[in-house]
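Participant: The residues making up each chain are set out below.
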Amino acid sequence: MEMKNSPKNNFLTRIIEKIIPPIQWRFYVIIMIGIIAGLGLYILYISNATAYLSNDPRACVNCHVMNVHYASWQRGSHARVATCNDCHVPQDNFFRTYWFKANDGLRHATYFTMRWEPQVIQIKEAGKEAVQENCIRCHSNNIHPIALRAISNKNVADQTERYCWECHRNTPHGRVNSLSSAPYARVPSLKSVVPDWLNEFIQSKKEKSN
Amino acid sequence: MKPIQEIIKEKPWVGWVLFIVTVIVVFLIGLFASSIVERRGESFALQVVKPLPDWEPRNEVWGENFPREYETYRQTLDTTFASKHGGSKMIDYLEKYPDLIIMWAGYAFSKDYNQGRGHAYAVKDIRNTLRTGDNTISPQPGTCWTCKSTDVPRVMNNMGVANFYKSKWKDLGAEIINPIGCQDCHDPKTMDLRITRPALIEAFQRQGKDIKSFTHNEMRSLVCAQCHVEYYFKGKEEKYLTFPWDKGFSADDMEKYYDEAEFTDWTHTLSKAPMLKAQHPDFELYMTGVHADRGVSCADCHMPYKTEGGVKFTDHHIQSPLNNIENSCFVCHREKTQKLIENVYQRQDKIEELRHLAERALATVHIEAKIAWDKGATEEEMKPALKLIRHAQWRWDWVAAANGLGFHSPVEAMRVLGTSIQKAEEARREIALVLVKHGVSYPVALPDVSTKDKAQKYIGLNMQEFKKGKKEFMNTTVLEWDKKAKERQGTLISY
Numbered sequence: 001m002e003m004k005n006s007p008k009n010n011f012l013t014r015i016i017e018k019i020i021p022p023i024q025w026r027f028y029v030i031i032m033i034g035i036i037a038g039l040g041l042y043i044l045y046i047s048n049a050t051a052y053l054s055n056d057p058r059a060c061v062n063c064h065v066m067n068v069h070y071a072s073w074q075r076g077s078h079a080r081v082a083t084c085n086d087c088h089v090p091q092d093n094f095f096r097t098y099w100f101k102a103n104d105g106l107r108h109a110t111y112f113t114m115r116w117e118p119q120v121i122q123i124k125e126a127g128k129e130a131v132q133e134n135c136i137r138c139h140s141n142n143i144h145p146i147a148l149r150a151i152s153n154k155n156v157a158d159q160t161e162r163y164c165w166e167c168h169r170n171t172p173h174g175r176v177n178s179l180s181s182a183p184y185a186r187v188p189s190l191k192s193v194v195p196d197w198l199n200e201f202i203q204s205k206k207e208k209s210n
Numbered sequence: 001m002k003p004i005q006e007i008i009k010e011k012p013w014v015g016w017v018l019f020i021v022t023v024i025v026v027f028l029i030g031l032f033a034s035s036i037v038e039r040r041g042e043s044f045a046l047q048v049v050k051p052l053p054d055w056e057p058r059n060e061v062w063g064e065n066f067p068r069e070y071e072t073y074r075q076t077l078d079t080t081f082a083s084k085h086g087g088s089k090m091i092d093y094l095e096k097y098p099d100l101i102i103m104w105a106g107y108a109f110s111k112d113y114n115q116g117r118g119h120a121y122a123v124k125d126i127r128n129t130l131r132t133g134d135n136t137i138s139p140q141p142g143t144c145w146t147c148k149s150t151d152v153p154r155v156m157n158n159m160g161v162a163n164f165y166k167s168k169w170k171d172l173g174a175e176i177i178n179p180i181g182c183q184d185c186h187d188p189k190t191m192d193l194r195i196t197r198p199a200l201i202e203a204f205q206r207q208g209k210d211i212k213s214f215t216h217n218e219m220r221s222l223v224c225a226q227c228h229v230e231y232y233f234k235g236k237e238e239k240y241l242t243f244p245w246d247k248g249f250s251a252d253d254m255e256k257y258y259d260e261a262e263f264t265d266w267t268h269t270l271s272k273a274p275m276l277k278a279q280h281p282d283f284e285l286y287m288t289g290v291h292a293d294r295g296v297s298c299a300d301c302h303m304p305y306k307t308e309g310g311v312k313f314t315d316h317h318i319q320s321p322l323n324n325i326e327n328s329c330f331v332c333h334r335e336k337t338q339k340l341i342e343n344v345y346q347r348q349d350k351i352e353e354l355r356h357l358a359e360r361a362l363a364t365v366h367i368e369a370k371i372a373w374d375k376g377a378t379e380e381e382m383k384p385a386l387k388l389i390r391h392a393q394w395r396w397d398w399v400a401a402a403n404g405l406g407f408h409s410p411v412e413a414m415r416v417l418g419t420s421i422q423k424a425e426e427a428r429r430e431i432a433l434v435l436v437k438h439g440v441s442y443p444v445a446l447p448d449v450s451t452k453d454k455a456q457k458y459i460g461l462n463m464q465e466f467k468k469g470k471k472e473f474m475n476t477t478v479l480e481w482d483k484k485a486k487e488r489q490g491t492l493i494s495y
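Here the protein sequences line up with chains G and A, keeping their order.
Per this note's numbering, the first sequence starts with residue 1, numbered consecutively.
Per this note's numbering, the second sequence starts with residue 1, numbered consecutively.
Source of the hints: derived by calculation from the structure; they are not laboratory data.
Incorrect hints may have been included.
[To be verified] Capping the alpha-carbon separation at 27 Å, the derived lysine-lysine pairs in DSSO-like fashion look like this: (1) Lys277/A <-> Lys350/A; (2) Lys18/G <-> Lys11/A; (3) Lys209/A <-> Lys191/G; (4) Lys306/A <-> Lys128/G; (5) Lys189/A <-> Lys205/G; (6) Lys277/A <-> Lys205/G; (7) Lys191/G <-> Lys11/A.
[What the hints assert, rightly or not] What follows is a set of in silico ranges between Cβ atoms, one per label pair, in the way DEER data are often shown: (8) Thr171/G <-> Pro67/A: 25 to 31 Å; (9) Gln489/A <-> Asn103/G: 22 to 28 Å; (10) Glu207/G <-> Gly160/A: 29 to 35 Å; (11) Glu207/G <-> Gly208/A: 24 to 30 Å; (12) Thr113/G <-> Gly160/A: 47 to 53 Å.
[Stated by the list, open to error] In silico contact screen, one side only, chain A against chain G (beta carbon under 7 Å); selected entries: (13) Ile4; (14) Ile29; (15) Ala33; (16) Ser34; (17) Ser43; (18) Gly310; (19) Lys312; (20) Ala445.
Backbone N, C-alpha and C define an ideal beta-carbon position, used for all residues, glycine too.
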C-alpha cells in the first residue's frame, strides 16, 4: 500500500494510517459513516437547528418550555420593538453575540433534551448582565435624568447595585413564570417534520388504494 | 504502531469490536433522535379533560376544558358598563339619533337599531330585533345568521355554504342556537386560531393571498375580521356573503366597487336614491390607524393578558378597552387611567360633532328630495343628486356603523365624515336648483322629525304592529326552536 511509503514523521498522517480500514472493508465503512452522518443531519433537521442562527423569536419556541415567555412577550409592549435576542443576547459586537448565543443555546438544548429544566426557569448571572446591558442600550435616554450623578450609563447600574427589573417587575413577561403558568398559550406551532411532498405522496397512494 | 488494517488482519476480533461499537453508536444516535421527536410532540399535545369533537357548538362544553377562558367569555353577558359613547349597555340609537329613521326610510334599520351587546347575546338579540320580522313576515336570508353563532360552521358543513346563504332566516332558527364563541376562532384539536367563515378566506383568495400564510399576530386580528368588517349579500337569490375588498379597503375603494357592481341595498322611500348600508368596517378602519401601524392586534386591546392566581391567560371578556385600561392601554402607555380615557373621549367627541353634521344634512336632503319629486321633478333632474346622496350616506355610515365611534382610526374617520358632509351638501344644492326650477321657494318647510315616534310616523311605520308580531313570534316560534335544539344537542343553557 502506498501509505507505507509516506513519511511517518507527521502525527496526523500516522493517525490516518492507523485507522484507515483494510481495502476490502472500505465500501462498508463508507456506508457506515454515511449512516452516522445522515443520522446527524436528521437530528439537525428535526431539532430545527438552523433556526437558532436567526433572530426570529419563533426559534425560541422550538422548545415548548419557552411558550410562557413567548406568549407574555408577544402580548407586551416589547413585542413591537424587540425580539428575544435583542434583550437576552449581548448586542455590542458580533463575536460576543455569537459566542454568548452558542454557549447559551447549547446549554439550553442539552437541558431541554435531557429534561433537566426546572419548573420555574430562572435567569442565570450571565443572562442578567446581558439583559441589564440591553435595557440600558435602548433606554439610555430614560436613565440619564433619573440618575444625574451618573457619568455613564454603566454607573447607574454599578452605583445602585440593582437590576432594572427589580422595580419594573412586570416588564415584559409579567411576574408569573412557572412552566404551567400559561397552560393554553397559543404560540406559533412547529411545522411537521414530514415534508409536504411526502405527505402528498402518501395521501395519493392512499387514495389510489381506496 | 501498525496500521489498523494489519491489526485486523492479524486479530479479526478487533474488526468485530469496531463493528459492534459502530452499531451501538448509531443505535444511540437513533434513540437521541426519537427523544427529540418525542419532545417535539409535547408541544402539539394539549391537555384537555374532555376531547372535543369537530364542530362542537356548545361553548359550555369547551368551557369544561378551559374554565378560565369560558368564565371570562361569560362576562360578555355583563351589560353594566357604559362609556361616554358606547360600552356594553344597550343603547336605542333611533331614540338617540332620530335622524337615522329618516335616513333609513324603506329599510329595516328604521324600525329598530341598538348598540350591540356582548357576544354571548348574539343569538338572543338577533331573535329580538324587529328587523328579522315575525311569524308572518320573515324578510331576511340565512346569511344574517352567519356571524351570530358557533352553530354556523357546523350547519355550513352539513348543508353547504351556498345553500346556507340561500335559505330563509326563519328556516334555520332551530339550528342556530349557541351564541358566538369558542369554535368560531379556535380549532377544537389544537386550539390554534382558525378562520371558520368562508367570506374572509374568499376575499383574500381573490387577492391571491392564502389565509394560512398569515402570522399568529395577524391571526389575532383576522379572527375578528371574519365578522367585524364591511360585507354585502351578493346576488338577489344567492345572498352570498361577500367582502367588497377587491379594489381596496377604504370607504372610497368600496364605494367604487359597489358602483361598478351596481349594487344597491335598497331604494330610499323618500328620496328614491339607490342606497348602500354599511355594516361595521371595524377591521378596515382600524387598519388605517396608528395602532395597526405599530403592530397592535385586536386582541391586544380587546382581549389582553390577565393573571389569576399563578396563571396567565387571555381575557375572553371581549369588551371596550375603556373598561379595562390597566390591562390593555397600560401595556404600552404610561399615563393615568383618567388621562387615557380623556384622550379617547377627546377624539370621539370631535368625530361625533362631525357625525351629527352629516346626519342633519342627510336627513334634510332625503326630505328635500321627496318634496322635489312631489313637485314634479324628473328622473333626469334628480339623477346627480341621488348619486351624491348614495355616496354621502355610505361614507357617513362607514364611520357611524363601525364600533368605537371612530377611535379605531380618528383621522381616517374624520376624513371620511368630511367627504360625507361635502357630498350631502352638494346634493342639497343640486336639489335646491331643481326645486327652484319647479317654482318651489327655497328653503322648504321641513316636518318635525325630532323624536323617534315622530320620525317613524313620518315615514309611515306602524310600530305597534311590528312589536305585537315580534312578541307573538318570541312566544311561539322561538320556543319551538329551543325545544328542537335541546332535543338535538341534549343540553341547552340560556345565555
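Participant: Which of the listed hints are not met by the structure?
Facilitator: The structure conflicts with hints 6, 7, 9, 10, 16, 20, although it agrees with all the remaining ones.
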